[in-house]
Amino acid sequence: DAGITQSPRHKVTETGTPVTLRCHQTENHRYMYWYRQDPGHGLRLIHYSYGVKDTDKGEVSDGYSVSRSKTEDFLLTLESATSSQTSVYFCAISEWSGGRVADTQYFGPGTRLTVL
Amino acid sequence: KQEVTQIPAALSVPEGENLVLNCSFTDSAIYNLQWFRQDPGKGLTSLLLIQSSQREQTSGRLNASLDKSSGRSTLYIAASQPGDSATYLCAVGGRGKLIFGQGTELSVKP
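As they're listed, the protein sequences go chains A and S. Going by this note's numbering, the letters in the first sequence line up with residues 2 to 117, in that order. Going by this note's numbering, the letters in the second sequence line up with residues 28 to 137, in that order.
These are computed hints drawn from the structure, not numbers from a lab. Ideal placement from N, C-alpha and C gives every residue a C-beta, glycine not left out. Hints may be right or wrong, so weigh each one.
[As the list claims (entries may be wrong)] Here are the simulated lysine-lysine pairs, BS3-like style, with alpha carbons at most 30 angstroms apart: (1) A/Lys54 <-> A/Lys12; (2) A/Lys71 <-> S/Lys95; (3) A/Lys71 <-> A/Lys58; (4) A/Lys58 <-> S/Lys28; (5) S/Lys69 <-> A/Lys58; (6) A/Lys54 <-> A/Lys71; (7) A/Lys54 <-> S/Lys136; (8) S/Lys136 <-> S/Lys95; (9) S/Lys136 <-> S/Lys28; (10) A/Lys12 <-> S/Lys69; (11) A/Lys12 <-> A/Lys58; (12) S/Lys69 <-> S/Lys136; (13) A/Lys58 <-> S/Lys136; (14) A/Lys71 <-> A/Lys12.
[Said to hold, decoys possible] Have a look at the derived ranges for each label pair, beta carbon to beta carbon: (15) S/Glu30 <-> A/Asp57: 29 to 37 angstroms; (16) A/Glu28 <-> S/Arg82: 24 to 32 angstroms; (17) A/Gly41 <-> S/Ser134: 14 to 22 angstroms; (18) A/Val13 <-> S/Asp94: 41 to 49 angstroms; (19) S/Gly87 <-> A/Thr83: 31 to 39 angstroms; (20) S/Gly87 <-> A/Glu28: 39 to 47 angstroms; (21) A/Gly64 <-> S/Thr72: 26 to 34 angstroms.
[What the hints assert, rightly or not] If you want the footprint, here are the derived chain S segments under chain A, 3+ residues with CB under 8 angstroms: (22) 43 to 54; (23) 87 to 96; (24) 118 to 124.
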């Protein structure tokens, strides 16, 4: 299994509070991703990073920010959590090889976030 | 905008059957197509990656095909087992990013 950990694994918070989720990898992969998974919507990309301090928006980035100060860590921050951000959040890693096998994405175990 | 569709949404088969899961996509300008498995409450596990220049890829009892011109991919599972029960997701690879379908929930009955 790819060395990806997410913390915390479960979190319950209140509307309006800031929340930070952490993804840590031991594979030294250049690309890191944050997804959310919701019934009826599947997996949707929030933000991704293609290197230290290099990030870009995904499909559902509103209300989220990210930071990557080291290759191994990718942080997702909900500045002011809302109930619509209740979801399961997955981190993933990959390399970029122009479509070849190295592009395979490896996923972490997920963080279940509940915003009351 | 790329859209990925998986049909059926759910499938129940008896053990031992060969089965096919379908994935379709709207934009043929892809770098690769990836198939994943997700068990309940778990993360995704990569099964196969097909490069855009390939027609198929095999791993054990799994065979995935890709027809870019028609925007279709299939995942063939031979001799299904109860342990194959899971949700199977396909994802189309753009430059460094994936667009996912909503998955097919497979149940293999003993």
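Hint check:
| no. | hint | in the structure |
| --- | --- | --- |
| 1 | A/Lys54 <-> A/Lys12 | holds, 26 angstroms |
| 2 | A/Lys71 <-> S/Lys95 | violated, 37 angstroms |
| 3 | A/Lys71 <-> A/Lys58 | holds, 19 angstroms |
| 4 | A/Lys58 <-> S/Lys28 | holds, 15 angstroms |
| 5 | S/Lys69 <-> A/Lys58 | holds, 25 angstroms |
| 6 | A/Lys54 <-> A/Lys71 | holds, 8 angstroms |
| 7 | A/Lys54 <-> S/Lys136 | violated, 48 angstroms |
| 8 | S/Lys136 <-> S/Lys95 | violated, 33 angstroms |
| 9 | S/Lys136 <-> S/Lys28 | violated, 38 angstroms |
| 10 | A/Lys12 <-> S/Lys69 | holds, 16 angstroms |
| 11 | A/Lys12 <-> A/Lys58 | holds, 24 angstroms |
| 12 | S/Lys69 <-> S/Lys136 | holds, 21 angstroms |
| 13 | A/Lys58 <-> S/Lys136 | violated, 42 angstroms |
| 14 | A/Lys71 <-> A/Lys12 | holds, 24 angstroms |
| 15 | S/Glu30 <-> A/Asp57: 29 to 37 angstroms | violated, 20 angstroms |
| 16 | A/Glu28 <-> S/Arg82: 24 to 32 angstroms | holds, 30 angstroms |
| 17 | A/Gly41 <-> S/Ser134: 14 to 22 angstroms | holds, 20 angstroms |
| 18 | A/Val13 <-> S/Asp94: 41 to 49 angstroms | holds, 46 angstroms |
| 19 | S/Gly87 <-> A/Thr83: 31 to 39 angstroms | violated, 44 angstroms |
| 20 | S/Gly87 <-> A/Glu28: 39 to 47 angstroms | violated, 24 angstroms |
| 21 | A/Gly64 <-> S/Thr72: 26 to 34 angstroms | holds, 29 angstroms |
| 22 | 43 to 54 | violated (count 0) |
| 23 | 87 to 96 | violated (count 0) |
| 24 | 118 to 124 | holds (count 5) |
Hint violations for this structure: numbers 2, 7, 8, 9, 13, 15, 19, 20, 22, 23, all remaining hints satisfied.
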